[in-house]
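As given, the protein sequences belong to chains A and B, one line each in that order. Okay, so the first sequence: first residue is 36 according to this note's numbering, each after it adds one. Okay, so the second sequence: first residue is 3 according to this note's numbering, each after it adds one.
Hints were generated in silico from the structure; no laboratory data involved. One thing to keep in mind: the hints can contain errors.
[Stated by the list, open to error] Computed cross-link-like contacts, PhoX-like style, restricted to lysine-lysine with a CA-CA straight-line distance of at most 25 Å:
(1) A:Lys46 with A:Lys98
(2) B:Lys240 with A:Lys145
(3) A:Lys46 with A:Lys67
(4) A:Lys149 with A:Lys160
(5) A:Lys175 with B:Lys50
(6) A:Lys153 with B:Lys50
(7) A:Lys274 with A:Lys37
(8) A:Lys108 with A:Lys67
(9) A:Lys46 with A:Lys108
(10) A:Lys69 with A:Lys46
(11) B:Lys233 with A:Lys86
(12) A:Lys37 with A:Lys248
(13) A:Lys69 with A:Lys274
(14) A:Lys149 with B:Lys196
(15) B:Lys44 with A:Lys145
(16) B:Lys184 with A:Lys149
(17) B:Lys44 with B:Lys62
(18) B:Lys196 with A:Lys108
(19) A:Lys248 with A:Lys274
[Said to hold, decoys possible] From chain A, some residues computed to sit far from chain B (all C-beta separations above 10 Å):
(20) Gln119
(21) Gln126
(22) Ala129
(23) Ser151
(24) Lys153
(25) Leu157
(26) Val166
(27) Ser172
(28) Leu228
(29) Asp242
(30) Phe281
(31) Val282
(32) Leu284
[Said to hold, decoys possible] Just a few of them, taken from the derived set where beta-carbon distance is under 7 Å, the chain A residues facing chain B:
(33) Lys86
(34) Phe125
(35) Phe131
(36) Pro143
(37) Leu144
The structure presented is a predicted model; accordingly, all values stated were derived computationally and were not measured. Don't be surprised by glycine CBs; every beta carbon is placed ideally from N, CA and C.
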Amino acid sequence: MKFDEIAVSIKELTKCFGEHTILNGLNFDIPKNKITTILGFSGAGKSTLLKHILGLLQPTSGKVSVLGKDLGKMSEWELREFRQNFGMLFQYAALFDSMTASQNVAFPLKEFTKLSEKEINLRVKELLNSVGIQDDSFEKLPSELSGGMRKRVGLGRALALNPHIMLYDEPTTGLDPITTKMVNDLIVETQELNRNRGMTSIIISHDVKATLKISDYVAFLHRGNIVEYLPASEFANSKNELVLEFVNL
Amino acid sequence: MQFFYSKIIFLIESLGAFILEALSGLGRFCQFMMSFFYWLIKPPFRWKLYFEQLYFVGNKSIFIIMLAGSFTGAVMALQTYMGFKVISVDTLVGPVTALTLAIELGPVLTGLIVAGRAGAAMAAQIGTMKVTEQVDALEVMGISSIQYLAVPRIIAGTIAVPMLAALFLFVGNVGSYIVGTKALMIDEAVYFSKLGEFMFLEDIWQGIIKAGFFGFVVSTIGTYFGFQVSKGAEGVGKGTNLAVVWGMISVLVLDYFLTSFLVKIL
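Can you make the complete structure from the sequences, with help from the hints?
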C-alpha cells in the first residue's frame, strides 16, 4: 500500500536467533497519524517486530526507519534519546510497583524534562484525568488498582512526553469484555486527541474483533512475513485463507 | 559393547553441554560487567537512588550485624579462653579475638550476611521487575536498566559492607570484652594492654579492604542473577537462590585470594 506520510518503514528485515529465523525479509510501511494493528498467531514474530521498531533489537539484515531516521545508523546513546519519541502501553501495564500512580506518570517527566515540581504535578493531574483516573486514586500503588485502572495509568505514563508513536502490546489480552471495551475506547480517544500533532498508533494484538473496530489498517504477520495488509474495513473480506481462518476463529 | 559406547558418548555430550553453558554464562557475566562499568561513569547520576540503596543495604542490616557481631565476639572470647587457659596464656584472649574479628570473621561474616539479606533481595527485586516488564518499560523510555537498577545497588554494596564490617568488629570486641573481663575475670588493664601490643591498624585495614571487595561481589552477583531471571515466579525463586549460593561461595573463595595478596602488601 502507498501512504502520503510514513511513520515506520521496514525494508527486507530478517532476524535470526541461532538457527531460527523469526522475521524473514519483511517489507512493511506504517502510515503516520493512523492506527495500524499487527495481527498474528502466537510465535509469528510480533514482539520481535515491535522490538525492532523500538530499536531494542538489531536486525540480522535489512533496515528499520522510524520518523525518517535509520535506526541501524544510530549509536546506543542516540537510540536511547530517540526512544523518547515512543510511548508504550504494555500488556500488564508494567507500572513500577514501588511507585504510586502519580509517581509512575511523573517518572518520565522527572527523568527527561526540566519542569518544576509544581508543573510536573499539574501535568500529572492533567494526564491522569485525561485517561479517566480520579484524584482519589492518584496516591494508590499499582497493587491497589484494578487491571483496567493500571492500564489507564500505564497509558497516562506513556503519553507523558507527548510521543510521536504510541505502541500497544496486546492491550486487551486477559481483560473482561467491559474493560476490553474501555481500553479500546481509550486507544481511539487517545489517537483522536493527539491526531492534530501527528501521533501514530501501532497495536500488536490477536484480538480480531477489537482490531477491526478501532484500526485504520490491519496487517497479518505469519512466519516472519506480512501476508496481508489492508484497510480495516476490507480486512474481513480478505482472500487469504490464513487470514480468513484467523478472523473466523 | 554398544551400551558402553553409548554411555561414553552421553558423557562426552554432557561434558560438552556443561562447558558450553559455563562459557556462555561467563560471556553473559562479562557483558554485564562491561555494561556496568560503562554506565557507572555516564551521567545522569541519580544520587537519590544511591542513598536509597545505601539505606537498604547499610542501615537495614545494622541490627542483624550487631546481633551477629556481639555474639561472635563473645563466643570467640569464650572458646579462646578455654584453649589458652591450658597453656596459661589466657591474657591473650583480647588480641586473638580482636585480630580474628578484624581480618577474618568481621569481613567474611558480614559478606555472608549481606549476601543472604541484601544480595537475595536485589535478585528478587530486579527479577520481579524483569518478569513484570518493568525493566522493559525503563528501556523503552530510553533509560538504561543497568544504570538505573544495577549501578546504585553495586555501589551501595561496595560502600556499605566495609562500614558494616567495621561495626561488626566494634560490637564483636565489645562482646569479647564483656565476656573476657566480666565473666572470665581477665584483668581489664591487661586485656587492653595486650590488645594494644598485638593489634595494628594494618589488620583493621586488611578487613575493611576485603569487606569492600565482598560488598562489590555480593551486590554484583545479586543484581546479575536478577537480570537473568525469566519464566515468572519460579524464575524469580531460582534467581534469588543462585544469587545467595554464588554470593556466599564467592565471598569464601575470594577471601583466600585477597588474604594472600593483602598480607604481602600491608
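Hint check results:
Using a Cα cut-off of 25 Å, the hinted pair Lys46 (chain A) and Lys98 (chain A) holds, with the two alpha carbons roughly 5 Å apart. A distance of roughly 34 Å separates the Cα atoms of Lys240 (chain B) and Lys145 (chain A); the hinted pair therefore is violated under the 25 Å criterion. Annotation: proposed proximity of Lys46 (chain A) to Lys67 (chain A) holds, straight-line Cα distance about 17 Å (limit 25 Å). Proximity of Lys149 (chain A) to Lys160 (chain A) is assessed by CA-CA distance (about 18 Å); at most 25 Å being required, the pair is judged to hold.
The straight-line distance between the Cα atoms of Lys175 (chain A) and Lys50 (chain B) is roughly 22 Å, inside the 25 Å bound, and the hint therefore holds. Between Lys153 (chain A) and Lys50 (chain B) the alpha-carbon distance is near 20 Å, which keeps this suggested pair within the 25 Å criterion. Taking the CA atoms of Lys274 (chain A) and Lys37 (chain A), the gap is near 20 Å; set against the 25 Å cutoff, the hint holds. Distance check on the hinted pair: Lys108 (chain A) and Lys67 (chain A) sit about 22 Å apart at the alpha-carbon level, within 25 Å; holds.
For the hint linking Lys46 (chain A) to Lys108 (chain A), the alpha-carbon distance of about 14 Å falls within 25 Å, and the restraint holds. A threshold of 25 Å between alpha carbons decides the hint, and for Lys69 (chain A) with Lys46 (chain A) the separation of about 20 Å falls inside it, so the pair holds. Our distance criterion of 25 Å between C-alpha atoms is met by Lys233 (chain B) and Lys86 (chain A), whose separation comes to about 19 Å. Simply put, Lys37 (chain A) and Lys248 (chain A) have alpha-carbon atoms about 22 Å apart, close enough for the 25 Å limit, and the pair holds.
Restraint check for Lys69 (chain A) and Lys274 (chain A): satisfied, since their Cα atoms lie roughly 24 Å apart, inside the 25 Å limit. For the suggested pair Lys149 (chain A) and Lys196 (chain B), the alpha carbons sit about 61 Å apart, so the restraint of at most 25 Å is broken. Under the criterion of a C-alpha separation no larger than 25 Å, the hint pairing Lys44 (chain B) with Lys145 (chain A) is consistent with the structure, at around 18 Å. Taken as a hint, the Lys184 (chain B) and Lys149 (chain A) pair is broken in the structure, with Cα atoms around 62 Å apart against an allowance of 25 Å.
Using a Cα cut-off of 25 Å, the hinted pair Lys44 (chain B) and Lys62 (chain B) is violated, with the two alpha carbons roughly 28 Å apart. Taken as a hint, the Lys196 (chain B) and Lys108 (chain A) pair is broken in the structure, with Cα atoms around 69 Å apart against an allowance of 25 Å. A distance of roughly 20 Å separates the Cα atoms of Lys248 (chain A) and Lys274 (chain A); the hinted pair therefore holds under the 25 Å criterion. At the 10 Å boundary, the C-beta of Gln119 (chain A) falls inside the reach of chain B, the nearest C-beta of that chain being 5 Å off.
A beta-carbon of chain B comes within 10 Å of the beta-carbon of Gln126 (chain A); the shortest separation is about 7 Å. Its beta-carbon lying about 4 Å from the closest one in chain B, Ala129 (chain A) breaks the requirement of being farther than 10 Å from that chain. The beta carbon of Ser151 (chain A) is kept farther than 10 Å from every beta carbon of chain B, the shortest such distance being approximately 17 Å. With a closest Cβ-Cβ approach of about 19 Å to chain B, Lys153 (chain A) is found to remain outside the 10 Å limit, as its non-interface label requires.
Look at Leu157 (chain A): its CB is around 21 Å from the nearest CB on chain B, clear of 10 Å, so calling it non-interface holds up. Non-interface status of Val166 (chain A) relative to chain B is upheld: no Cβ of that chain comes within 10 Å, the nearest being about 16 Å off. Look at Ser172 (chain A): its CB is around 20 Å from the nearest CB on chain B, clear of 10 Å, so calling it non-interface holds up. Residue-level check passed: Leu228 (chain A) sits 21 Å from the nearest beta carbon of chain B, beyond 10 Å.
At roughly 19 Å from the closest C-beta of chain B, the C-beta of Asp242 (chain A) stays outside 10 Å, upholding its exclusion from the interface. The Cβ of Phe281 (chain A) lies farther than 10 Å from every Cβ of chain B, with a closest approach of about 26 Å, so its non-interface assignment holds. Under the 10 Å C-beta cut-off, the non-interface status given to Val282 (chain A) relative to chain B holds; the minimum distance is some 29 Å. With a minimum CB-CB distance of about 26 Å to chain B, Leu284 (chain A) clears the 10 Å threshold, and the non-interface call stands.
At about 9 Å, the closest approach between the beta carbon of Lys86 (chain A) and any beta carbon in chain B exceeds 7 Å, and the interface hint on this residue is violated. A cut of 7 Å between beta carbons decides the hint on Phe125 (chain A): the least distance to chain B is about 5 Å, and the hint holds. Satisfaction of the interface hint for Phe131 (chain A) is found here, the shortest Cβ-Cβ separation to chain B being roughly 6 Å, below the 7 Å cut-off. Interface hint at Pro143 (chain A): satisfied, since its Cβ lies 6 Å from the closest Cβ of chain B, which is below the 7 Å cut-off.
For Leu144 (chain A), the interface hint is violated, the least distance from its beta-carbon to any beta-carbon of chain B being 11 Å, above 7 Å.
Of the numbered hints stated above, those contradicted by the structure are hints 2, 14, 16, 17, 18, 20, 21, 22, 33 and 37, listed in ascending order.
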